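Asker: The primary structure of each chain is shown beneath.
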Amino acid sequence: MYIQVRALKNMKVVTGVVGNDIHVVANRLLELSLDARGYEVFNLGVNTYLEEFFDAVVETGADVLMISSLNGEAEGWSREVQLLKAKYKHLDNLIMMIGGNLVVGTGSAEDIIPKYKNYGFDIVCHQVDLNTGLDQLEAFIEERVVNDSDIKESNK
Amino acid sequence: MYIQVRALKNMKVVTGVVGNDIHVVANRLLELSLDARGYEVFNLGVNTYLEEFFDAVVETGADVLMISSLNGEAEGWSREVQLLKAKYKHLDNLIMMIGGNLVVGTGSAEDIIPKYKNYGFDIVCHQVDLNTGLDQLEAFIEERVVNDSDIKESNK
Amino acid sequence: MSLLQEEREIILSNEYVDNFDFDEVAKFVKGASKDLFISHHFKQKNKMLVQPRGGFPTYQKQFALNEFFVKANVDVLPLTIDSNTRLNDYATAKKMLRLSEENDVDMLNGYPLVNHGYRTTRKMITHFNKPVSLRHGTPDARLLIETAIASGIFEIEGGPITYLLPYSKNFPLDKAFLYWKYVERVCANYSQLNEPINRESFGPLTATLVPPAITIVIQLLEMLLSLEEGVKSFSVSFSQTGSMNQDIVTGAVIKKLAKYYAEQINCADAAIHLVYHQWMGAFPTNKDYAEQLINMSTVIASMVGADKIITKTREEASGIPTKEANAKTVANTQYTLGILNGLPNIVDEEEEEILTLQVKAIMEAVFNDPADTLWRKVFNSIKSGVIDVPFSPHIINHNKMITIRDAKKNIRIIKRGNVPIPDRCYAYDKAQCDLTKDTTSIVNDIIHDIGIMQ
Amino acid sequence: MSLLQEEREIILSNEYVDNFDFDEVAKFVKGASKDLFISHHFKQKNKMLVQPRGGFPTYQKQFALNEFFVKANVDVLPLTIDSNTRLNDYATAKKMLRLSEENDVDMLNGYPLVNHGYRTTRKMITHFNKPVSLRHGTPDARLLIETAIASGIFEIEGGPITYLLPYSKNFPLDKAFLYWKYVERVCANYSQLNEPINRESFGPLTATLVPPAITIVIQLLEMLLSLEEGVKSFSVSFSQTGSMNQDIVTGAVIKKLAKYYAEQINCADAAIHLVYHQWMGAFPTNKDYAEQLINMSTVIASMVGADKIITKTREEASGIPTKEANAKTVANTQYTLGILNGLPNIVDEEEEEILTLQVKAIMEAVFNDPADTLWRKVFNSIKSGVIDVPFSPHIINHNKMITIRDAKKNIRIIKRGNVPIPDRCYAYDKAQCDLTKDTTSIVNDIIHDIGIMQ
Ligand code: B12
Ligand code: B12
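Residue numbers (my numbering), protein chains in the order written: chain A, 1 to 156; chain B, 1 to 156; chain C, 1 to 454; chain D, 1 to 454.
None of these hints come from the bench; they were simulated from the model. From a predicted model like this one, the values you see are computed outputs, not experimental measurements. Cβ atoms here follow ideal geometry from the backbone N, Cα and C, with glycine treated the same way. One should not assume that every hint holds.
[To be verified] Non-contacting residues of chain C with respect to chain A, defined by C-beta distances greater than 10 angstroms in every case (computed): (1) Lys94; (2) Tyr167; (3) Lys175; (4) Gln192; (5) Ala282; (6) Gly338; (7) Ser392; (8) Asp438.
[As the list claims (entries may be wrong)] Now the stretches of chain C that chain A is said to cover, found in silico as 3 or more residues with beta-carbon under 8 angstroms: (9) 393-399; (10) 444-454.
[As the list claims (entries may be wrong)] Pairwise CB distance ranges (calculated): (11) A:Asp55 <-> C:Thr440: 29 to 37 angstroms; (12) A:Glu52 <-> C:Asp174: 23 to 31 angstroms; (13) D:Thr126 <-> C:Leu343: 43 to 51 angstroms; (14) D:Gly338 <-> C:Arg376: 43 to 51 angstroms; (15) A:Glu51 <-> D:Lys71: 31 to 39 angstroms; (16) C:Asp174 <-> A:Asp55: 22 to 30 angstroms.
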């Protein structure tokens, strides 16, 4: 089986801030940063609901879904991710990423990351600086490419 | 018996800061204030020991001894006031006044005033503003004049 | 009956409002204590007025908060409205208020003024006899403002631009203009009965790298829209930029131009005041540091010569502040204002000139829009990106302008988008910055610039 | 053997000093880490250095205090000396140190450096590898300074005027001049081995309504007395006056004139630095307010453009500060310096001119004294009241000058006594004040003026 992985420079990313959150600052920086790194960005902005995210992924054929949350709403929404994603077809290779302030009040990354991985996210960035987060994404993608070639090799 | 009380405007006041205290600011203001109110002032300045105070009172024939203390040393010195004063003759009519910060740390006027009255002071001003203190002195002097006339009357 | 009065009656015949007695309210405003009017305090004032932020759902809690503020020597009391009321959802507000009252837990993030009603609220306002400032964030604030004035609240914050572009993703801007037009007229009418009702614009906007030119233009336009309707007392405002000098320059230019444009529409008789917001951007999580920042904001407000300062608390980075933290800021700010003396007279002619040129160019572009009324010109200008607010979440906003801080932390425009920044000013702004870096470095700089106080 | 060296040997053969190894000390200074020299940091610096106050009797406690300061990101460590050592009473200091060590209670209000000795103290200094500033108050500091430098302390505060007039009632001033002459020469000699030893004058004086002209004159004279002996790095200093503008003007004039007078004696090669003391006068008892005052001092220090700031704590009005309070001020001050940006450029030409004329007139009067050496000229000038420090407790001081604050809280001279304030300046100063009041009101004003921060 041959899995297609777009070159990093042409990857499509859907992003936005989930829920009723209008804190847009991090979202704007994210778009600038993604642009600068050569991604094709579809920014849904603040105040975006889960369905809108997945619809956009399907419409654009995005490789990455990058959700942002600042006011603590994320956890409420994230519980529904698996369920909702299951309704859509062909999203198995979608890279799911979330970042921002992922709890109300304070919490430690050790508790938060596993929780969100269970919700279905591949990369979880709690109070992590944007560019550090995007470096993680790139590392994740490269690793996947290597793994995929391995698979290809072993399927030869 | 007729007790001579000098007119307020000509009264002589010996003042200074007791002990090893060099905080001179209040002392200077005191001198200015006493001057302005018409007293004849003998200011011994900071760093003045009890004997020096009483010697100066005797030398100048002062009506008022006005001691200042800022750094909490006063209590230590004041215990010796009665003893020392007794060694001098003709100081029975001397008005004894003390002011400034009369304890180390914080303390309440209710505790402090009786204590210092016991030490032999007629007027005790703990953390009282200078001019309020000098108003108290004037009230005290006037009261004395009235009392003295009463005595004079009754002796007629 | 006038058209406005007809509209008023419709608005006030709301199932959540108990019978609104227009005559009684007019009589109340006419006879109200001058002390309730911030416009009166501005006239008399010899010091900067201090106003905190804050609002609680129940009457009791709001009363207690006010008592706390008064003890801390507050000059102006805030009344912050809950978010259901802001969205005109009085049903939910009612339910949550009842739950808050019954369970002694706050189910609303502010005071549901419409549900409490003016008869109840007026008791509290007149009891404290201090001017109250209404902080909301409501696009359609018609009912809210009627209730506020009837309660004795004689300062109304907000505006069609400043309460929309930072706070909303897609509320229709044209509707907001019309709703605010109503508010202005109601304020103007009541202003004839006693001291004027003061209107205040929300200058901080998104509190994120907004260049002074944009802030000032929006302040001036909301001021003009208000004066046009007859308002006689208006406060322009802005928040700490991050550069002391830029704050001082912004203050000088906004004062000068507010006067100038008010005169242009023959409203020189209106009193214009300047309000300064303590740092509104990302706060440090260290509370001791937050206090340093707050104190510094107060010092700068004095140097700017503000008439009123709106305070933050040491708890900004963590959550809604306790009343203790809130009162502490008030007391500290008052103390600081008292001991800060011998302010130097500071004039930066070059910066003032550049900023003035920027503002005038944008204002001219707005006025040149072919629409028939000012609000339509403004609406079109926002739509076309002549006015562009960095980091606004609203879909109508262009987001084509990019700003960055120079070495002295002044906010500079490095991409003007459709905003008609004159070439000379644009070149000046860009010359202050190091633009030789690659885009990633510049994005890193922007992130750093947003977090300068952290 | 030089005369100085003979004197040194006599001084250092003190029963409380264990064998002083001149050669070893010279070798140590020669090879000492540049980081220990504040003069080196001044050269390299791109920020204001932050230095707290503090000293404890035992080695352990002093070490712990330093650790605390380092954690709070201190730039310069203080070493404050106890009062017995200041009076050269090493016997009592020794006894009290032993008691402090045995009973774990502080029997001294500072670090008894002579008793600890340089071999021990050097371990601590080199361990932290930060510049240390010696704060004492000692008229005869010869032994103390030898021990300090041998320990690795390369900044020495004080001077014959600034450590006498505010701190003593009757220590003979002429003796102090000679003792300090020795100190300067020792500092100058050691300066040739590595980076220069920095000398710092104590500008706050009595911290009470001292007019800038007097402060500056004394700073300049102590600087000249020091440079004369070969010192190559010197800090002039002053403390917050109570008026932001007066601070800024004072800073500008002192910088300009220090340079000017250093050139006059051909010492343009010496590096001159400016140190600002946070408010040194009567503090508020409310600790929150004290923090506001401290923060404001930091802001003003930045506007003054100081090279170093010396901090106070929230506990100033109550007693000797805990190490926690002390470290907190350091961290807060560092944060404030980091976020304070975009400082305006402020020049008040008229005030600068008046102040410059005052200073130059007094300096000229000092130079015109017929005595043969500068220190004797200065001595005579103090005796004759040409230099007059308000609120000095010293018997030699004239106390004929009276100062008061004007409406903007600038300190103004309303009685010049024997100080040769030029008529024009005197008239200017008086014109700023309301002198129509009666004397009692003026005394009340002075009391108020002293307590402006309370
Ligand atoms: C600026 C601001 C505003 C502006 C927002 C303008 C705008 N439209 O964006 C204004 C003034 C309009 C505003 C309004 C409100 N605000 Co507000 N606001 C702030 C403030 C001061 C700073 C937020 C900010 O911009 N930070 C800078 C950005 C760059 O940092 P960041 O958002 O933290 O993101 C960083 C990381 O999280 C990460 N990141 C983020 N997303 C992602 C995604 C990925 C994939 C990765 C890798 C990384 C990443 O990267 C960023 C850079 O490192 C904070 C308090 C504070 N933090 O100091 C309050 C705060 C967030 N606001 C708050 C509130 C309550 C409100 C209001 C509801 C009420 C009010 N105060 O008026 C309203 C409405 C908000 C709504 N409906 O959502 C609360 C939230 C409480 C909570 N956590 O539950 C706060 C904490 C203030 C408080 N103490 O009350 N606010
Ligand atoms: C200015 C000052 C100095 C100046 C003093 C200049 C001078 N020669 O006067 C300098 C910098 C030289 C100095 C030195 C020292 N100081 Co000092 N100083 C102060 C400070 C900041 C202000 C004092 C002041 O002038 N207040 C203004 C005057 C007008 O007010 P007042 O003195 O309180 O007096 C008022 C009333 O008490 C009343 N009053 C006073 N006397 C009388 C008398 C009568 C009859 C009446 C009616 C009223 C009255 O009237 C005044 C006006 O209302 C205080 C801290 C503070 N309070 O903020 C520390 C403080 C007093 N100093 C202190 C110390 C320890 C020292 C030093 C020992 C160590 C050091 N820090 O260097 C040295 C040496 C002092 C010594 N040997 O005594 C401590 C004292 C601790 C204590 N209470 O035990 C304090 C509290 C600071 C601290 N927290 O460490 N100091």
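Asker: Give a verdict on every hint.
Answerer: These are the hints, each one checked on the structure:
With a closest Cβ-Cβ approach of about 20 angstroms to chain A, Lys94 (chain C) is found to remain outside the 10 angstroms limit, as its non-interface label requires. A beta-carbon of chain A is positioned within 10 angstroms of the beta-carbon of Tyr167 (chain C); the least distance is around 6 angstroms. Remark: the non-interface label on Lys175 (chain C) is consistent with the geometry, its nearest Cβ contact in chain A lying 18 angstroms away (cut-off 10 angstroms). Chain A leaves Gln192 (chain C) outside its interface by the beta-carbon criterion, the shortest separation being 37 angstroms against a cut-off of 10 angstroms.
Residue-level check failed: Ala282 (chain C) sits 8 angstroms from the nearest beta carbon of chain A, not beyond 10 angstroms. No Cβ of chain A approaches the Cβ of Gly338 (chain C) within 10 angstroms, the least distance being about 36 angstroms, so the stated non-interface status holds. Distance check for Ser392 (chain C) against chain A: the nearest CB is about 7 angstroms away, which does not clear 10 angstroms, and the non-interface claim fails. Not every C-beta of chain A lies more than 10 angstroms from that of Asp438 (chain C), the closest at about 8 angstroms, which undercuts listing it as non-interface.
Chain A is given as covering the region 393-399 of chain C, and this holds because 3 residues of the stretch bring a CB closer than 8 angstroms to a CB of that chain, at least three being needed. Counting residues of the region 444-454 of chain C whose CB lies closer than 8 angstroms to any CB of chain A gives 4, so the stated coverage by that chain holds, three being the minimum. A hinted range of 29 to 37 angstroms holds for the C-beta pair Asp55 (chain A) and Thr440 (chain C), which are about 30 angstroms apart. Hint check: Glu52 (chain A) to Asp174 (chain C), Cβ distance near 25 angstroms, so the stated range 23 to 31 angstroms holds.
Taking the beta carbon of each, Thr126 (chain D) and Leu343 (chain C) are about 46 angstroms apart, inside 43 to 51 angstroms as hinted. Checked against the hint of 43 to 51 angstroms, the pair Gly338 (chain D) and Arg376 (chain C) passes, with Cβ atoms roughly 46 angstroms apart. The hinted window of 31 to 39 angstroms between Glu51 (chain A) and Lys71 (chain D) is violated, with their beta carbons roughly 51 angstroms apart. The given range of 22 to 30 angstroms is respected by Asp174 (chain C) and Asp55 (chain A), whose C-beta atoms sit roughly 28 angstroms from each other.
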